[in-house]
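Quick mapping for you: the protein sequence lines, in order, are chains A and B.
Following our numbering, the numbering of the first sequence begins with 1 at its first residue and continues without gaps.
Following our numbering, the numbering of the second sequence begins with 1 at its first residue and continues without gaps.
Watch out, some of these pointers could steer you wrong.
Pairs of lysine-lysine residues, derived as DSS-like cross-links and limited to a Cα-Cα distance of at most 30 Å, are as follows [to be verified]:
no.: 1; chain 1: A; residue 1: K177; chain 2: A; residue 2: K193
no.: 2; chain 1: B; residue 1: K119; chain 2: A; residue 2: K177
no.: 3; chain 1: A; residue 1: K177; chain 2: B; residue 2: K134
no.: 4; chain 1: B; residue 1: K134; chain 2: B; residue 2: K119
Keep in mind that the hints were calculated from the coordinates and are not lab data.
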Amino acid sequence: MAPSSTPLHIVTGKGGTGKTTVAGALAIALASGGRRVLLCEVEGRQEIARLFDVPPLPYEERRINAAGRDGGQVYALAVDAEEALLEYLAMYYRLGRAGKALDKFGVIDFATTIAPGVRDVLLTGKVYEAARRRENGPESPFVYDAVVVDAPPTGRIARFLGVNDDVAGLAKVGPIKNQSTSIMAMMRSPQTKVHLVTLLEEMPVQETLDGIAELRAEGLPVGHVLVNMVRPALVSEATRTALEHGTVDTAEVSVSLASVSLAPDAADLLVDAGIAHVQRQDLQNDQAQTLRASVDDVLDLPLVSDGVDLGALFELADALEPVVNR
Amino acid sequence: MTRPAQTRPKESIRGAQRGASRGDTGTHPGVDIDAMLDDPTTEIIVCCGSGGVGKTTTAAALALRAAERGRSVCVLTIDPARRLAQSMGLVELDNTPRPVTDVDTSAGGSLDAMMLDMKRTFDEVVEAHASPEKAQQILQNPFYVALSSSFAGTQEYMAMERLGQLHAEGRWDLIVVDTPPSRSALDFLDAPERLSSLLDGRFIRLLLAPAKGPARFLTAGFGVVTAALSKILGAQILSDMQTFVAAFDTLFGGFRQRAEATYALLQAEGTAFLVVAAPEDAAMREAAFFVERLEGDAMPLAALVVNRVHDERAGGISAADAESAAPRLAHGGDTDRITADLLRVHAERMRVAAREQRVRRRFAAAHRNVASVTVPALPSDVHDLEGLRTVGRHLADEPTTV
Numbered sequence: 001m002a003p004s005s006t007p008l009h010i011v012t013g014k015g016g017t018g019k020t021t022v023a024g025a026l027a028i029a030l031a032s033g034g035r036r037v038l039l040c041e042v043e044g045r046q047e048i049a050r051l052f053d054v055p056p057l058p059y060e061e062r063r064i065n066a067a068g069r070d071g072g073q074v075y076a077l078a079v080d081a082e083e084a085l086l087e088y089l090a091m092y093y094r095l096g097r098a099g100k101a102l103d104k105f106g107v108i109d110f111a112t113t114i115a116p117g118v119r120d121v122l123l124t125g126k127v128y129e130a131a132r133r134r135e136n137g138p139e140s141p142f143v144y145d146a147v148v149v150d151a152p153p154t155g156r157i158a159r160f161l162g163v164n165d166d167v168a169g170l171a172k173v174g175p176i177k178n179q180s181t182s183i184m185a186m187m188r189s190p191q192t193k194v195h196l197v198t199l200l201e202e203m204p205v206q207e208t209l210d211g212i213a214e215l216r217a218e219g220l221p222v223g224h225v226l227v228n229m230v231r232p233a234l235v236s237e238a239t240r241t242a243l244e245h246g247t248v249d250t251a252e253v254s255v256s257l258a259s260v261s262l263a264p265d266a267a268d269l270l271v272d273a274g275i276a277h278v279q280r281q282d283l284q285n286d287q288a289q290t291l292r293a294s295v296d297d298v299l300d301l302p303l304v305s306d307g308v309d310l311g312a313l314f315e316l317a318d319a320l321e322p323v324v325n326r
Numbered sequence: 001m002t003r004p005a006q007t008r009p010k011e012s013i014r015g016a017q018r019g020a021s022r023g024d025t026g027t028h029p030g031v032d033i034d035a036m037l038d039d040p041t042t043e044i045i046v047c048c049g050s051g052g053v054g055k056t057t058t059a060a061a062l063a064l065r066a067a068e069r070g071r072s073v074c075v076l077t078i079d080p081a082r083r084l085a086q087s088m089g090l091v092e093l094d095n096t097p098r099p100v101t102d103v104d105t106s107a108g109g110s111l112d113a114m115m116l117d118m119k120r121t122f123d124e125v126v127e128a129h130a131s132p133e134k135a136q137q138i139l140q141n142p143f144y145v146a147l148s149s150s151f152a153g154t155q156e157y158m159a160m161e162r163l164g165q166l167h168a169e170g171r172w173d174l175i176v177v178d179t180p181p182s183r184s185a186l187d188f189l190d191a192p193e194r195l196s197s198l199l200d201g202r203f204i205r206l207l208l209a210p211a212k213g214p215a216r217f218l219t220a221g222f223g224v225v226t227a228a229l230s231k232i233l234g235a236q237i238l239s240d241m242q243t244f245v246a247a248f249d250t251l252f253g254g255f256r257q258r259a260e261a262t263y264a265l266l267q268a269e270g271t272a273f274l275v276v277a278a279p280e281d282a283a284m285r286e287a288a289f290f291v292e293r294l295e296g297d298a299m300p301l302a303a304l305v306v307n308r309v310h311d312e313r314a315g316g317i318s319a320a321d322a323e324s325a326a327p328r329l330a331h332g333g334d335t336d337r338i339t340a341d342l343l344r345v346h347a348e349r350m351r352v353a354a355r356e357q358r359v360r361r362r363f364a365a366a367h368r369n370v371a372s373v374t375v376p377a378l379p380s381d382v383h384d385l386e387g388l389r390t391v392g393r394h395l396a397d398e399p400t401t402v
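Given only the sequences and the hints, what does the whole structure look like? Please build it.
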């Protein structure tokens with residue numbers, strides 16, 4: 001059977017792991033070669049605008065020229081719950097006047113800010129709409145070749161994506177029930193993949209493993225674990241062993257430093273920093289092993305130093321090829 | 001596996017960290033954390049900041065330090081890392097403060113810790129403020145079940161509710177709170193206002209009206225709205241919602257009152273806010289946002305805590321010098337090759353430190369009056385009391401001698 005939605009990539013990650021950056025790079029990678037991709041953010045933080053250095057995004061799918069390469073087109077959208085609700089009412093119920101009346105009565109405000117959960121329903125609802133939108137008529141191609149969502153953090157992701165299950169449980173019949181049931185069907189379809197961005201540190205790795213367990217329990221499809229900012233080993237095996245065994249002689253290092261006209265006093269500091277580097281590498285390796293022991297699809301992303309600019313995003317996009325090609 | 005490090009290297013690493021926190025280049029004015037912890041008028045410390053910056057660890061470290069300096073402390077955590085929670089004896093999420101063992105009580109202090117259980121907090125509020133019959137009705141309503149257990153946003157309300165309760169109990173002279181990692185980590189500040197706007201909203205009155213008797217004051221708009229609502233939601237969900245709101249009506253007033261009282265408590269003299277950040281662009285931007293928001297709400301900001309700051313001592317060798325010298329040593333003898341590697345590590349470290357400096361200077365320039373403390377990047381995550389003590393010493397800028 002033909003899929004009823006375009007490929008949907010949901011990118012989550014613990015705070016500070018760089019999930020917005022990775023989502024942006026993934027959109028670039030998916031668009032390469034003349035395809036059209038929609039990149040959505042749902043947390044109202046305008047991180048996408050900041051990432052691509054463009055003015056704040058309105059509630060409108062807007063093309064980001066800088067993000068397209070090889071004829072690719074990346075569109076970005078900051079999904080806003082209030083706008084989504086009004087749009088939803090207009091689209092599905094043709095509620096012109098009544099939509100306005102609801103607004104006047106504070107229903108829109110109630111629904112999007114006070115009634116917990118409704119916000120997530122609306123945000124996922126908009127993603128659902130975009131992923132199923134076709135050019136003209138039921139058999140025509142999808143408007144987007146892929147949709148990428150910069151989603152809420154790992155700790156909240158299963159709840160965010162599963163919110164429609166709760167709603168489907170609340171509303172036993174009626175249009176809301178139908179809508180939320182089909183959103184869940186899309187989220188669980190083979191077209192959807194949830195990718196988790198992590199760092200090789202203890203807490204992010206633990207949260208990633210917890211997040212995967214929660215996603216699996218909800219029947220949501222786990223894609224790749226994307227390991228961001230992998231720090232390369234800067235020392236050779238021999239140096240590593242020497243630092244670990246404490247056999248580096250600082251006096252000799254001083255002599256070495258002096259031979260290239262560098263401050264010999266710095267030897268102590270350099271050896272300390274070297275030991276700390278080796279310890280961090282060990283920790284990183286431990287975490288990589290923990291991760292690989294329970295997840296099959298792990299992809300390392302290079303550390304882009306000196307901040308993320310467009311060049312760095314393209315570099316990350318190249319590294320994300322394995323995610324695109326699945 | 002991590003190999004056990006030798007004694008000498010370990011000591012020198014600690015030394016390096018101390019240097020990092022103390023040898024600060026004066027980007028911000030300093031702050032006396034110990035004076036704040038010891039001051040008997042400090043009753044509440046709130047740690048806020050974006051996710052992943054070490055908020056929970058900072059809260060726990062401050063609480064432990066205050067307790068070991070003689071205060072009777074309760075720390076309210078929201079979502080601690082498992083091993084950190086275990087180290088504080090928080091094996092289950094039971095919403096009750098429990099004493100933390102292995103705390104040094106020789107100064108006369110104590111430490112209790114609890115993890116927030118939002119559903120239980122909510123249930124207890126309902127049970128405490130409604131008649132048994134009404135409470136039963138609320139607890140079983142499908143809207144309540146969803147609201148209290150699975151939906152986002154409830155955590156912020158409940159964190160504030162629990163803080164208010166703990167403070168009212170009067171058992172502790174200092175409460176340290178960690179804030180939920182929400183989309184806007186300051187959602188808890190908005191909780192009272194949201195509750196008020198909910199109560200005053202016409203929608204609530206509309207939902208309440210049929211349950212409350214003749215709907216004579218309702219205008220023509222009513223018909224349109226309920227028709228629209230039943231069309232969208234279905235009649236069953238609308239009636240569940242009405243039952244829920246009606247049953248909740250009496251409770252809302254109490255909620256609002258307490259939320260407003262907690263808000264006032266946060267603004268009071270005895271409260272100190274710490275904004276926690278990491279020296280990265282995104283985290284410092286969020287921190288700037290928090291600082292401005294706290295100032296806007298007249299909340300007492302004590303300091304910015306910058307976690308995971310990298311050692312910035314150059315030892316007289318710049319990144320550029322290190323980088324150009326490394327290749328010249330790479331083909332020499334054993335020690336030369338080791339030195340070449342060490343110079344590469346040094347160059348990378350200098351670049352990271354320079355980047356962090358840049359980010360911190362930018363923040364300091366925009367927020368001149370905000371004091372700050374730095375905690376160096378530790379080689380591993382903190383998951384025991386000893387680790388918390390180390391963080392506490394860095395926060396207080398105390399020379400580490402271990």
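Cross-check of the supplied hints:
no.	hint	result
1	A:K177 - A:K193	holds (24 Å)
2	B:K119 - A:K177	holds (25 Å)
3	A:K177 - B:K134	holds (28 Å)
4	B:K134 - B:K119	holds (18 Å)
In this structure, every one of the numbered hints holds.
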